Amino acid sequence: MRIRVIRPGWQTIVQDLGRTGYEAWGVPVWGALDEYAYRWANWLLGNAEAAAVLEVAAMGPELLVLDDGVMALAGADFSVTVNGEAWHPGEARGLKAGSEIRFGRRKKGLRAYLAVAGGLAVPKVLGSRATDLTSRVGGYQGRPLRAQDVVESLGDEAPSRNTKRLTMRPRTVFRVFPGARLDRLKPGTWGRLLSHEYKVSPESSNIGLRLEGQSLVPPRGDWPSEGMAMGAIECVLSGQLVILMKARGSIGGYPVVAHVAQVDWPSLAQLVPGDRIRFEAVTLDDALNLLRIQRATVGSPATIHVVQTRAPFSGSVSRMDNYGRLLPRVGEWVESGELLLVIEALGVRQPLYAGESGELVSIVNDGAQVSYQEVLWAIREERDA
Amino acid sequence: MTLSFGARVIPAGDSAVLLEFGEVVSPAINRQVHAARRAIVTAQIPGILAVVPAFSTILVQYEPCTVSLAALVDHLDSLMVDESPRQGGRTIEVPVWYGGEAGPDLLQVAKALNLSPQDVVDAHTGRPFYIYCLGFSPGFPLAGMLPPELILPRRQVPRTQVPAGTVAIAGSQTGIYPAPSPGGWHLIGRTPLALFDWTKHPPCPYEPGDRLLFGEISEKEYRQWANAG
Numbered sequence: 001m002r003i004r005v006i007r008p009g010w011q012t013i014v015q016d017l018g019r020t021g022y023e024a025w026g027v028p029v030w031g032a033l034d035e036y037a038y039r040w041a042n043w044l045l046g047n048a049e050a051a052a053v054l055e056v057a058a059m060g061p062e063l064l065v066l067d068d069g070v071m072a073l074a075g076a077d078f079s080v081t082v083n084g085e086a087w088h089p090g091e092a093r094g095l096k097a098g099s100e101i102r103f104g105r106r107k108k109g110l111r112a113y114l115a116v117a118g119g120l121a122v123p124k125v126l127g128s129r130a131t132d133l134t135s136r137v138g139g140y141q142g143r144p145l146r147a148q149d150v151v152e153s154l155g156d157e158a159p160s161r162n163t164k165r166l167t168m169r170p171r172t173v174f175r176v177f178p179g180a181r182l183d184r185l186k187p188g189t190w191g192r193l194l195s196h197e198y199k200v201s202p203e204s205s206n207i208g209l210r211l212e213g214q215s216l217v218p219p220r221g222d223w224p225s226e227g228m229a230m231g232a233i234e235c236v237l238s239g240q241l242v243i244l245m246k247a248r249g250s251i252g253g254y255p256v257v258a259h260v261a262q263v264d265w266p267s268l269a270q271l272v273p274g275d276r277i278r279f280e281a282v283t284l285d286d287a288l289n290l291l292r293i294q295r296a297t298v299g300s301p302a303t304i305h306v307v308q309t310r311a312p313f314s315g316s317v318s319r320m321d322n323y324g325r326l327l328p329r330v331g332e333w334v335e336s337g338e339l340l341l342v343i344e345a346l347g348v349r350q351p352l353y354a355g356e357s358g359e360l361v362s363i364v365n366d367g368a369q370v371s372y373q374e375v376l377w378a379i380r381e382e383r384d385a
Numbered sequence: 001m002t003l004s005f006g007a008r009v010i011p012a013g014d015s016a017v018l019l020e021f022g023e024v025v026s027p028a029i030n031r032q033v034h035a036a037r038r039a040i041v042t043a044q045i046p047g048i049l050a051v052v053p054a055f056s057t058i059l060v061q062y063e064p065c066t067v068s069l070a071a072l073v074d075h076l077d078s079l080m081v082d083e084s085p086r087q088g089g090r091t092i093e094v095p096v097w098y099g100g101e102a103g104p105d106l107l108q109v110a111k112a113l114n115l116s117p118q119d120v121v122d123a124h125t126g127r128p129f130y131i132y133c134l135g136f137s138p139g140f141p142l143a144g145m146l147p148p149e150l151i152l153p154r155r156q157v158p159r160t161q162v163p164a165g166t167v168a169i170a171g172s173q174t175g176i177y178p179a180p181s182p183g184g185w186h187l188i189g190r191t192p193l194a195l196f197d198w199t200k201h202p203p204c205p206y207e208p209g210d211r212l213l214f215g216e217i218s219e220k221e222y223r224q225w226a227n228a229g
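These protein sequence lines map, in sequence, to chains A and B.
Using our numbering, you'd call the opening residue of the first sequence number 1 and step up by one each time.
Using our numbering, you'd call the opening residue of the second sequence number 1 and step up by one each time.
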């Protein structure tokens, strides 16, 4: 199956699981930034785990299908249509030659993944088909797709599966561990990190997410560079923070304040410049438990239930945490046990927590007056079938 | 905790640990780093995804759903690391056209160091430099230590584009940009050697523990070499 690019979008690149194994030579890994959505895209077609897909970011492309075939869509919601008909993330589609795939308005998330049967046919470079935009190698001629490029699938046929599950995990609360080099920063830095809100800067990329907001006390001293892990939050000389992503350099020299738990790496890939985020400490056991559940979710069937939670008494709603930061918003993935709001009445502050995991589909506003049994929020729960 | 081969284990999130052999840059510590790296890679411990050696540390990235932190540390602790200083490493000769358009910072560097440009070249070519690690960009060798008379802080304003093959110095280190990239080091020359080949394994003619021996060539020799290669 061949696909021609009509309009390329902002950054449409071929990605797979990344160019691993060459870190000791200084080679950045790259690879699909949202591995959760990426795995879904390939699962929908029964592809191999490392099959190459298109990663679409910020503004999607317009594509023309040249041969009959099957494709799958996962991740961010770009109001995609095929010949004018809606195509939702989580759906594989049989497509006839001549079909027009059009990405429209971006509604939620930042990155979507388009898979083809057997994966995309581009040459492997050092074992991977991932595009490395820094070195301009891999993927399709080492660059993002342009108008008139034609990409081809390795296979012709594939099962065409669907899922009702959300194929991405949009979150603005990131679970973190203390950084390997926290001791190189001023005492109190950890507490500062956990009590402020940060804004995702437009100067973010597959290499790193730059954060704006309360800076930390800049590091003093000069240390030898060392290996930098995915999700490491480094404190640069200005005291600003950068979350290192998959295209980061293999080594770096700034002290690492914190590490984002692996379970939340896919959520980093869906952040949009301007999003406000915060950090929350997590234990290793909790983080790994959540990661195992997330892994097992890809490809497992589910039934969907919208579960409403009602006010246990009348009162006024606060949607802020103790530091004045807004709690999870509509559209975000919340975890069972996560604080969603506080009801205040007669001097009593009652925190209320999510009873299930899923997408938050509605929630009352900050400052709202609610009465007994009024619906406070609704969660779209994915129950294992 | 400290492993049997002397490295301190520092968790780096839920999917990586940093093994620290010391906090200073020295070939002796760096040889321990690479001896341990060889032992880790050879042992093929299940769940290890990447081993990233640097100056005095190794970052071990692992799959926490396959191997727990405790099991990983036990594996690492049981490794037999050959700590006897490895004989030699290779010496890689690197021909360099110094100054001119190849090394646009040579004159300024000489001036800042109170040396003649030829003094700088002599000091840079007079001895081999130990490669501590590769990083910054694919195949970029971080080598040193430079003699005290060549030590300068990096440029105030980094360049947005440095040509491939450019030989540079900063602090106590010297390196080579294998591909065009931005860079904040002082550019003193250029080599016609191709230093990183994306079609080969290993992709680089040198590895950490080897030494770079720079040798001066003329612009004419550079051009002949570059055209032949």
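FYI, nobody ran anything at the bench for these hints, they're computed from the structure.
Predicted model, so just to flag it, every value in this text is computed and none were measured.
Hints may contain errors.
[To be verified] Okay, the calculated bits of chain B under chain A, using three or more residues with CB under 8 Å as the criterion:
#1 14 to 28
#2 38 to 51
#3 126 to 136
#4 212 to 218
[Stated by the list, open to error] Derived contacts from chain B toward chain A, CB cut-off under 7 Å, selection only:
#5 Ala54
#6 Pro64
#7 Cys65
[To be verified] Ranges between beta-carbon positions, derived for each pair:
#8 A:Asp156 - B:Leu213: 47 to 57 Å
#9 B:Gln224 - A:Arg143: 24 to 34 Å
#10 B:Gln44 - A:Pro187: 39 to 49 Å
#11 A:Gly127 - B:Ser26: 26 to 36 Å
#12 A:Leu64 - B:Val24: 32 to 42 Å
#13 B:Leu213 - A:Leu326: 58 to 68 Å
#14 B:Gly100 - A:Arg192: 43 to 53 Å
#15 B:Pro46 - A:Pro273: 54 to 64 Å
Think of the CB as a built atom: it goes at the ideal place given N, C-alpha and C, for glycine as much as any other residue.
Structure-based check of all given hints:
Counting residues of the segment 14 to 28 of chain B whose CB lies closer than 8 Å to any CB of chain A gives 7, so the stated coverage by that chain holds, three being the minimum. Only when three residues or more bring their CB closer than 8 Å to a CB of chain A does the claim for the segment 38 to 51 of chain B stand; here the count is 3, and the claim holds. Counting residues of the segment 126 to 136 of chain B whose C-beta lies closer than 8 Å to any C-beta of chain A gives 4; at least three are required, and the coverage claim holds. Restraint check on the segment 212 to 218 of chain B versus chain A: 0 residues with Cβ-Cβ distances below 8 Å, three needed, restraint violated.
With 7 Å as the threshold, the beta carbon of alanine 54 of chain B comes within range of chain A, its nearest partner Cβ sitting at about 4 Å, so the hint holds. Taking 7 Å as the C-beta contact cut-off toward chain A, the hint placing proline 64 of chain B at the interface holds, the least distance being around 5 Å. Because the smallest distance between the Cβ of cysteine 65 of chain B and any Cβ of chain A comes to about 6 Å, under 7 Å, the interface hint for this residue holds. Our hint of 47 to 57 Å for aspartate 156 of chain A and leucine 213 of chain B holds, since their Cβ atoms are close to 55 Å apart.
Here the CB-CB span from glutamine 224 of chain B to arginine 143 of chain A is close to 33 Å, well matched to the stated 24 to 34 Å. At roughly 41 Å, the beta carbons of glutamine 44 of chain B and proline 187 of chain A sit within the given window of 39 to 49 Å. Restraint check, glycine 127 of chain A to serine 26 of chain B: a C-beta distance of roughly 33 Å satisfies the suggested window 26 to 36 Å. Restraint check, leucine 64 of chain A to valine 24 of chain B: a C-beta distance of roughly 59 Å breaks the suggested window 32 to 42 Å.
A hinted range of 58 to 68 Å holds for the C-beta pair leucine 213 of chain B and leucine 326 of chain A, which are about 60 Å apart. Separation of glycine 100 of chain B from arginine 192 of chain A is about 50 Å and conforms to the stated range, judged on CB atoms against 43 to 53 Å. A C-beta distance of roughly 39 Å is found between proline 46 of chain B and proline 273 of chain A, which places it outside the suggested range of 54 to 64 Å.
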